[in-house]
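> Chains as they are written, first to last, in the numbering used here: chain A, 1 to 110; chain B, 111 to 223.
Hints were generated in silico from the structure; no laboratory data involved.
A couple of the hints might just be wrong.
To be verified - Here are the computed lysine-lysine pairs in the PhoX-like style, where the Cα-Cα straight-line distance is at most 20 Å: (1) K71/A with K109/A; (2) K119/B with K97/A; (3) K150/B with K119/B; (4) K105/A with K148/B; (5) K148/B with K97/A.
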Amino acid sequence: SQKIEQNSEALNIQEGKTATLTCNYTNYSPAYLQWYRQDPGRGPVFLLLIRENEKEKRKERLKVTFDTTLKQSLFHITASQPADSATYLCALDNFNKFYFGSGTKLNVKP
Amino acid sequence: DTEVTQTPKHLVMGMTNKKSLKCEQHMGHRAMYWYKQKAKKPPELMFVYSYEKLSINESVPSRFSPECPNSSLLNLHLHALQPEDSALYLCASSQDKTNYGYTFGSGTRLTVV
Numbered sequence: 001s002q003k004i005e006q007n008s009e010a011l012n013i014q015e016g017k018t019a020t021l022t023c024n025y026t027n028y029s030p031a032y033l034q035w036y037r038q039d040p041g042r043g044p045v046f047l048l049l050i051r052e053n054e055k056e057k058r059k060e061r062l063k064v065t066f067d068t069t070l071k072q073s074l075f076h077i078t079a080s081q082p083a084d085s086a087t088y089l090c091a092l093d094n095f096n097k098f099y100f101g102s103g104t105k106l107n108v109k110p
Numbered sequence: 111d112t113e114v115t116q117t118p119k120h121l122v123m124g125m126t127n128k129k130s131l132k133c134e135q136h137m138g139h140r141a142m143y144w145y146k147q148k149a150k151k152p153p154e155l156m157f158v159y160s161y162e163k164l165s166i167n168e169s170v171p172s173r174f175s176p177e178c179p180n181s182s183l184l185n186l187h188l189h190a191l192q193p194e195d196s197a198l199y200l201c202a203s204s205q206d207k208t209n210y211g212y213t214f215g216s217g218t219r220l221t222v223v
C-alpha cells in the first residue's frame, strides 16, 4: 500500500538549533515533493518544492533534500525560532491526487 | 489577491439540515480542491475540479455534493451529515503546482450535532 510517513509526531528543540524533519514514502514515484507549514485551525501554507532531479533546495533558513533512491526527503530549519513552532507536512502529487504525510509538530523552546 | 477565502469560518448543523460551504479565489487558478481534516490528522483529499469540471472524487459519500459554478467559486453542499463528519474542511487552488504548490484557505470548522 502507499504510505507517506513523517519521522515523529512531535519534535522538541532549543531555540537556535537546527530542526531536521524526515519524510519517507513507499509505493510512490513522485516527480516532486512539497513541504507545508500548518498552524492550529489554519490551512497549510506552501513552503518549498523539490523535484526528483534536484538533490537540495534552499529558501532563507529552510533547506530540503530529496533522495529518490532512499524514498526520503529531509527538511531542515536552521537557527530555529519559537515562531517556527507549527506542524510541518510533506506532500506528494500522485497522478493529480495530492496526498499529505502524517505531519510533525515542531516545538521550538526559547 | 493571493488568497483563498472560505465561508463560513464555523458552522454547526443538525443531522437533518442542508448547508453549503463556499470557497472563492481570484488568482486565476484553474484547479480547485476540497480536503477534510480531522484533529491531529493530515488533510485528506475529497474532490478535485479542473477547469470547472469534476475530475477526481475520492469515493466520498453522496451526502457531500461539490459544485463549481465558475472558475473562481467552489461550493460543497452538505445534507444529512453524521457526527463523524465533524472536521475542518479546507479548500485549495493551484495553477502551476509544480512550481508554486497549492494555496489553501483557512477552512470551515464544521460541527454536526
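> For every hint, state whether the structure bears it out.
We went through each hint and held it up to the structure:
no.: 1; hint: K71/A with K109/A; verdict: 31 Å, violated
no.: 2; hint: K119/B with K97/A; verdict: 26 Å, violated
no.: 3; hint: K150/B with K119/B; verdict: 19 Å, holds
no.: 4; hint: K105/A with K148/B; verdict: 15 Å, holds
no.: 5; hint: K148/B with K97/A; verdict: 19 Å, holds
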